[in-house]
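Fit chain L to the supplied structure of chain U, relying on the hints for placement.
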Amino acid sequence: MSRLRADVTACPTDDGMVLLDERQGRYWQLNSTGALVVQALIDGATPEQVADQLSRVRPVSRERAVADVAALMDQLTRAKLVSAP
Amino acid sequence: YEPPLLAEAGDYAEL
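Chains as they are written, first to last, in my numbering: chain U, 1 to 85; chain L, 101 to 115.
Isolated chain L (complex conformation):
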């Protein structure tokens, strides 16, 4: 079981 995790990953424009 891994607890649900939300992480900001970056800038959409850079992507």
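One chain only, chain U, in its complex shape:
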């Protein structure tokens, strides 16, 4: 399971979350669903658990939630915002 890199700071905002990448000098924005996913991952949930949670609180099927969480994890990895365990 990946985690945010040590030099990436997550800052919740009114409409989502901002990720500050101090190493690359860039910052990234997450919408409210992205913030929900990242916060759950920070809190130790697995992607499958996050998808379960998403499908309970949003009108989305579990299959779609699993795919969307995986897509976000892929984006975070490509942006070098997460590190391998």
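Read the hints as simulated data drawn from the structure, not as lab findings. Ideal Cβ positions, reconstructed from N, Cα and C, are used throughout, including at glycine. Please note that a few of the clues may not be correct.
[To be verified] Heads up, incomplete: computed chain U residues facing chain L, CB under 10 Å, no partners named:
hint, residue
1, Gly16
2, Val18
3, Leu19
4, Gly25
5, Trp28
6, Val38
7, Pro59
8, Ala65
9, Asp68
10, Val69
11, Ala71
12, Leu72
13, Leu76
Structure of chain L alone, referenced to chain U:
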């Protein structure tokens, strides 16, 4: 339902 979205927002130094 809005799919989770990550967007690069800019340069930390400019901010």
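*Does the nearest C-beta of chain L fall within a distance shorter than 10 Å of the C-beta of U/Ala65?*
Holds - the Cβ of U/Ala65 comes within 10 Å of chain L, reaching about 9 Å at its closest.
*Does U/Pro59 pass the interface check with chain L, least Cβ-Cβ distance below 10 Å?*
Interface hint status for U/Pro59: holds (5 Å vs cutoff 10 Å).
*Was the hint right that U/Val38 lines chain L, CB cutoff 10 Å?*
OK, holds: U/Val38 within 10 Å of chain L, min 8 Å.
*Interface hint status, U/Trp28 versus chain L (Cβ within 10 Å)*: 5 Å, holds
*Given U/Gly25 was flagged as interface, is its beta-carbon under 10 Å from a beta-carbon of chain L?*
5 Å, holds
*Hint status (Cβ of U/Gly16 to nearest Cβ of chain L, threshold 10 Å)*: Holds: closest Cβ of chain L sits about 8 Å from U/Gly16, inside 10 Å.
*Are U/Asp68 and chain L close enough, Cβ to Cβ, to be under 10 Å, as the hint says?*
5 Å, holds
*asked:* Using the nearest Cβ pair, does U/Ala71 come within less than 10 Å of chain L?
replied: Nearest chain L Cβ about 8 Å off; hint holds.
*Verify the interface restraint on U/Val69: the C-beta must sit less than 10 Å from at least one C-beta of chain L.*
7 Å, holds
*Interface hint compliance - U/Val18 to chain L, C-beta minimum distance less than 10 Å*: Given a least distance of 7 Å, the restraint on U/Val18 holds.
*Does the nearest C-beta of chain L fall within a distance shorter than 10 Å of the C-beta of U/Leu72?*
4 Å, holds
*So, U/Leu19 near chain L? Judge it on the closest CB pair being under 10 Å.*
8 Å, holds
Every hint from the earlier list agrees with this structure, and none is contradicted.
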